[in-house]
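Residue numbers (our numbering), protein chains in the order written: chain A, 1 to 137; chain B, 1001 to 1081.
Worth double-checking, as some hints may not be accurate.
Only pairs whose alpha carbons sit at most 25 angstroms apart, straight line, appear in this in silico DSS-like list of lysine-lysine [unchecked claim]:
#  : chain 1 : residue 1 : chain 2 : residue 2
1  : B       : K1013     : A       : K84
2  : B       : K1061     : A       : K59
3  : A       : K114      : A       : K59
4  : A       : K38       : A       : K115
5  : A       : K129      : A       : K43
6  : B       : K1007     : A       : K114
7  : B       : K1058     : A       : K59
8  : B       : K1061     : A       : K114
9  : A       : K115      : A       : K59
10 : A       : K130      : B       : K1007
11 : A       : K129      : A       : K84
Because the hints were derived from the structure by calculation, they are not lab data.
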Amino acid sequence: MVIVEIINEPIESFQIANGDNQNGAELVFNGKVRATEKGKPIKYLEYEYYEGMAEAELKRLANNACKNFTINHLYCRHRVGKVKPSEISIHIIILSKHRKEAINAMDWFIFELKKNVPIWKWAILKDGKKVPSDCIH
Amino acid sequence: MINVKVKCFSQVKYALGVDVLTFEVDENTTSIDLEKIIRERAGEKLNDVSLRIAINQKYQKEEIALQDGDEVVFIPPVQGG
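Let the hints inform the model, and build the full structure from the sequences given.
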């Protein structure tokens, strides 16, 4: 199963059903906003996205991850709007029979997301300046 | 003549100062022709910015002729995550 969401509010974790006894691996990734941008302190990151296409690209990538890495479920929530340091900007859970395919799928999914999903962010510095935030890691 | 809508995001929005532009162009206008128009309009602000093209919410790898009513987005490097 695939669930992808883009939301403009604090991210809450997906609730995984307790009765799931087919997946030995439950891998959770939370991407959080750092307090600095190129060494300068920030007030927050401001995310914008291309509504419609961003969701479609996320879903396409999630489905490809399920096909290519034999994982069973991928859930992804991406936040947009203002996100302050230490808050979660992206939350992903992957469930699979064994750990290795989940770890490989997670790395691939995040890499592809950062390359293809039309979401952008600006860093709003403490001094009020607005600069592109271009983390590629 | 045909009408196409250009939605602007991130560095393109910053360079052009608008969210949406509507163009009336010749019927033979292609996606690359429209990119040239956008880059000229931005002056030098997009000179170092690579742009991918999405038409009606799908990436286009090849140059294609625009159709009346198309929604075009010139996508600067994305930064999700």
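- Message: So, against the hints stated earlier in the document, which numbers end up violated here?
- Response: none
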